[in-house]
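Peer 1: So the sequence lines, in the order shown, correspond to chains A and B.
Going by our numbering, the residue at position 397 of the first sequence is 397; the numbering climbs one at a time, nothing skipped.
Count along the second sequence starting at 1, add 1000, and that's the number in our numbering.
The hints are simulated quantities; they were obtained by calculation from the structure and are not laboratory data.
Any given hint could turn out to be false.
Chain B stretches covered by chain A per the calculated footprint, using a threshold of three residues with CB under 8 Å from any CB of chain A [claimed, not checked]:
1) 1017 to 1025
2) 1034 to 1047
3) 1059 to 1067
Being a predicted model, the structure only gives us computed values, none of them experimental.
For each residue, glycine too, the CB sits at the ideal point set by N, CA and C.
Listed below are the residues making up each chain.
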Amino acid sequence: MVTEQVKHTSNAARGVGKVTVMDGNKAAAYGALLSRVQVLAAYPITPQTPLVEYLSQFVADGALKADFVEVESEHSSLSVLHGASLAGARTFTATSGQGLALMYEPYNRTPTIRLPIVMGIATRDGISPQCVWGGHQDAINVRDAGWIQLFVEDNQEILDTVIMAYKIAEHPDVLLPVNVCYDGFYLSHMADRVEIPPQEIVDEFLPPYRPTHQILDPDNPMSIDPLTPNELFMEYRYKHLQALQRAKQVIADVDQEFASLFGRGYGGLIEKYRMDDAEIAIVGIGSPVGTARVAVDRARDEGKKIGLVKVRALRPFPREELVEALRNVRSVGVMDKNVCFGWGTGVLFMELRSAMLGVPKPPATVGFIDGLGGSDITMEHYARAIAIVDDSANGLAHQEITWLGLEEE
Amino acid sequence: MKEIRLHGRGGQGAVIASQILVNAFVIEGKYGNSMPFFGFERRGAPLSAFVRFDDRPIREKTQVYSPDCVIVVDPTLRSAVKVFDGLKGERIAVLNDRKAIDQIDLPESMPESVNKVGIVDATKIAIECIGVPITNTSMLGAFAATTGWVKLDSIVRSFELFLNPKLLEGNVKAARAAYEAVQVRELVTL
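Could you build the full structure based on these sequences and the hints that come with them?
Peer 2: As structure tokens, this is what we get:
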């Protein structure tokens, strides 16, 4: 399920598209456009706001033949999509921070009624202390509502992952909604070189959505999400969890198929970078992984045998893949752009540590918290993190969790 | 890879200028990206934007702390913000100022931090060409002439992707005028 070589430039002749410059919100909007979504409903919120404007423009220009429902809240935007999805439409929305909080009830219902809705989260920290800036806390806080959550590193990956997300969500083994989580401001407002894949090849990759399961059909009435008692409730939960686990294989397969058509693959659930002979490693998620690649290259130049593992799927959690990727390293540093209040760590740190339970000779795990509330995870912060991981590998004293942004003060 | 930091005030178009610049590099077959410093969005408040370009994909997702070039869109910023901080490499500064290059009172630290300076009265050019003192596009023309890192034509061709069609002609004129008018001097480093 893991590819060692990730191609970042297109070499698949048929799938080569037009190169242009766009921010992350526009990349998400293009992903929805190319996926031929039929119903949109979204409410603007920083830093997702430009995405709503781009989608409105696409519909107004006739580039996107979709119904754009203007709603009065995020609770309504996702609820509108429930109806549309149950009527058989391919649907899209996106939100951030407080918007996601207001969406909490329909958010939890989306996966349990098995709707293949794709929703972007332009991740935002907070909610309080009041903050509009980047951080992964909003998406992280709802990680166990039963959605698939994919985190991406750059604008090209946003566009490509939205398209892949429909293929994953609508797969009969899965039938679950997908969040495409992209860093608020760092990606949502970053202008970047992006290749727009050709529509006809996207069509080939992603055929129209044909629901066979939950459908609102006047000729064939069915009751959706009625009061569900006891054992039936347990059965639904069990099947939902099974589907989320089956999604692991589908995410990996869809990534490979995408790579074969468009020349860009992202490794599926995780991506390994310079891990072949690595003795220590950094594990990261989201846009900070880009900076980590450069930091790892520099540490390699200094003679450190270090690699990087990028987590793309937070849900389902790539437990087996991470254990396999890290089986030969002595120490792992996990970069979290969120906090886990219960453990006083980051969430990715604690989950990676859980994944290592029972593994013979597991690597030491060291945690780093940085990038909260829009603070910058700099190259120097990564260099410091790598030094601490190195200390840990060499049996030297070190803290379990280091708040990199606060250390300098 | 080269790094560029733009300094402006809210409403002067420094962020859009950074995006136009990225597009110009991409037109020339390079990779580039830009992001604004995410502060408080207010008109008149100092802000910065960060651009990187290279022949290879850009992977860094951080602010720019050691630029090869700074572009200072607003003349009053030099006394308010440490605009020359961290300069490296060719150490180029492109400044908006109405003074002639030999009359400009550069900060004392400048000869040590800046190797090459380009000065243009972008405010005057913008008022003449566009009718408003929005100097971002003029400064891009001055940037192209001072650095030689990108063709003026690539910058001008990028305008239509980011600017209101009604303002296109004036901005093209402003960029071309600033390209011609900018005075460039290599400073003697102490």
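Peer 1: State for each hint whether it applies.
Peer 2: So, going through the hints one by one against the coordinates:
Closer than 8 Å: that is the beta-carbon criterion, and the region 1017 to 1025 of chain B has 4 residues meeting it against chain A, so the requirement of 3 holds. Check on the region 1034 to 1047 of chain B: 4 of its residues sit with their Cβ under 8 Å from a Cβ of chain A, so the three-residue criterion for coverage holds. Requiring three or more residues with a Cβ within less than 8 Å of a Cβ of chain A, the coverage given for the region 1059 to 1067 of chain B holds, as 6 such residues are present.
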